[in-house]
Amino acid sequence: MKVNKAIIGVIFFCIFSCGHGKAQTISKDELIFLTSQWKGERFADGRPKIPDDLLIRARNIGIDDAWTVLKNFGYLNQFEGGWKMVNDSTPVIGRAVTAMYLPSRPDVEKNIKERGLKEGRKGSTNAWLIDMLTKGDVYVADGFGKIAGGTLIGSTLGNSIYSKSGNGVVFNGSARDLAGLSEIKGFNAFVRDFHPSFLEGMVLMGLNTPIRIGNAIVLPGDLVIAGREGVLFIPAQLADQVITTSEFVTLKDKFGFEMVKTNKYSTGQIDSQWTDDIKQIFLKWLSQHPELGKMNKEKLEEIMSKRTW
Numbered sequence: 001m002k003v004n005k006a007i008i009g010v011i012f013f014c015i016f017s018c019g020h021g022k023a024q025t026i027s028k029d030e031l032i033f034l035t036s037q038w039k040g041e042r043f044a045d046g047r048p049k050i051p052d053d054l055l056i057r058a059r060n061i062g063i064d065d066a067w068t069v070l071k072n073f074g075y076l077n078q079f080e081g082g083w084k085m086v087n088d089s090t091p092v093i094g095r096a097v098t099a100m101y102l103p104s105r106p107d108v109e110k111n112i113k114e115r116g117l118k119e120g121r122k123g124s125t126n127a128w129l130i131d132m133l134t135k136g137d138v139y140v141a142d143g144f145g146k147i148a149g150g151t152l153i154g155s156t157l158g159n160s161i162y163s164k165s166g167n168g169v170v171f172n173g174s175a176r177d178l179a180g181l182s183e184i185k186g187f188n189a190f191v192r193d194f195h196p197s198f199l200e201g202m203v204l205m206g207l208n209t210p211i212r213i214g215n216a217i218v219l220p221g222d223l224v225i226a227g228r229e230g231v232l233f234i235p236a237q238l239a240d241q242v243i244t245t246s247e248f249v250t251l252k253d254k255f256g257f258e259m260v261k262t263n264k265y266s267t268g269q270i271d272s273q274w275t276d277d278i279k280q281i282f283l284k285w286l287s288q289h290p291e292l293g294k295m296n297k298e299k300l301e302e303i304m305s306k307r308t309w
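Heads up, the sequence shown is in the numbering used here, so the first residue is 1 and it goes up one at a time.
Since the hints were made in silico from the structure, they are not lab data.
From a predicted model like this one, the values you see are computed outputs, not experimental measurements.
Take the hints with a grain of salt, since some may be wrong.
As the list claims (entries may be wrong) - Using 20 Å as the maximum straight-line C-alpha spacing, the simulated DMTMM-like pairs for lysine to aspartate or glutamate come out as follows: (1) 299 x 276; (2) 49 x 240; (3) 49 x 64; (4) 284 x 240.
Unchecked claim - Ranges between beta-carbon positions, derived for each pair: (5) 267 x 179: 42 to 50 Å; (6) 147 x 296: 31 to 39 Å; (7) 305 x 113: 49 to 57 Å; (8) 284 x 144: 17 to 25 Å; (9) 166 x 123: 49 to 57 Å; (10) 179 x 237: 50 to 58 Å; (11) 40 x 215: 35 to 43 Å; (12) 120 x 299: 44 to 52 Å; (13) 214 x 166: 40 to 48 Å.
A virtual CB, placed ideally from N, CA and C, is assigned to each residue, including glycine.
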């Protein structure tokens with residue numbers, strides 16, 4: 001409960017204290033503060049901008065491997081399972097743009113919608129975030145698990161999201177029009193369930209703020225990797241290292257399978273710290289498989305020196 005209370009505290013601090021009084025948005029300074037370990041490029045609003053090449057590489061790593069790397073760094077609240085999907089063979093990988101919804105109350109909802117109109121926002125509040133999306137983004141929303149009346153998108157908004165981001169969504173809530181969403185080639189939605197109802201009884205209280213998705217904390221700019229196992233949220237500053245290590249684990253497994261099958265080494269030898277002999281054999285093996293990439297001795301030594309998996 002300590003972790004959850006801390007998360008909730010951060011969220012409500014940002015909602016009511018950040019953004020110069022704007023309940024829906026977090027200030028750029030606050031977002032940079034919360035993601036201060038990220039040293040790379042940022043979007044205009046302060047959100048970390050993980051490079052496109054990392055998003056491409058992230059498509060080839062396993063969630064299990066990436067989760068293990070995060071765990072060894074001490075990040076224990078980054079995974080959430082138990083999803084329903086539009087298409088279980090289409091992963092969703094990209095940079096998180098977040099929204100938080102709460103059960104509605106008339107006075108708060110009225111004020112938020114009136115201010116949104118003055119700010120030039122269009123449509124219902126669940127569409128406001130779509131205007132913020134860029135290619136490679138993932139719409140991640142905490143709809144507090146609501147199913148009936150918690151349908152954050154249907155096929156119309158699904159098409160709009162995909163045209164803006166080329167990506168899918170992750171909702172701790174529901175969606176409607178499964179048949180229509182299924183027709184959007186390349187799109188996927190990770191939701192708690194599907195329901196025929198329209199959205200009602202929900203108010204947008206956080207836009208591009210830290211949110212909670214089940215047991216996971218998500219910050220704007222996190223790397224989202226969503227597949228059949230579940231959804232993993234990787235802090236932006238760890239994306240490169242998590243991807244690089246996970247790529248090596250995949251190579252190590254391929255190498256290990258071959259060595260074990262030929263009785264060159266035992267599983268115990270492969271799964272422990274490598275001797276110089278194994279390292280030399282691995283580099284020779286990798287040079288014989290150029291389709292798997294390249295690695296020199298120095299890079300191998302660096303990765304193995306940090307081995308905790």
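These are the hints, each one checked on the structure:
With a CA separation close to 14 Å, the supplied pair residue 299 and residue 276 stays within the 20 Å bound. Straight-line distance between C-alpha atoms of residue 49 and residue 240 comes to about 12 Å, which keeps the hinted pair within the 20 Å bound. Distance restraint check for residue 49 and residue 64: the Cα-Cα separation of roughly 24 Å exceeds the 20 Å cut-off, and the hinted pair is therefore not satisfied. At roughly 25 Å between alpha-carbon atoms, residue 284 and residue 240 are farther apart than 20 Å, so this suggested pair is violated.
With their beta carbons about 47 Å apart, residue 267 and residue 179 fall inside the hinted range of 42 to 50 Å. Taken as a hint, the range 31 to 39 Å is violated for the pair residue 147 and residue 296, whose Cβ atoms sit roughly 52 Å apart. For residue 305 paired with residue 113, a C-beta distance near 55 Å keeps the hint of 49 to 57 Å intact. For the hinted restraint 17 to 25 Å between residue 284 and residue 144, the CB-CB distance of approximately 54 Å leaves it violated.
At roughly 21 Å, the beta carbons of residue 166 and residue 123 sit outside the given window of 49 to 57 Å. Between residue 179 and residue 237, the C-beta spacing of about 40 Å breaks the proposed range 50 to 58 Å. With their beta carbons about 28 Å apart, residue 40 and residue 215 fall outside the hinted range of 35 to 43 Å. The hinted range of 44 to 52 Å is satisfied by residue 120 and residue 299, whose Cβ atoms lie roughly 50 Å apart.
Our hint of 40 to 48 Å for residue 214 and residue 166 is violated, since their Cβ atoms are close to 26 Å apart.
Violation of the numbered hints given earlier is confined to hints 3, 4, 6, 8, 9, 10, 11, 13; the remaining hints are satisfied by the structure.
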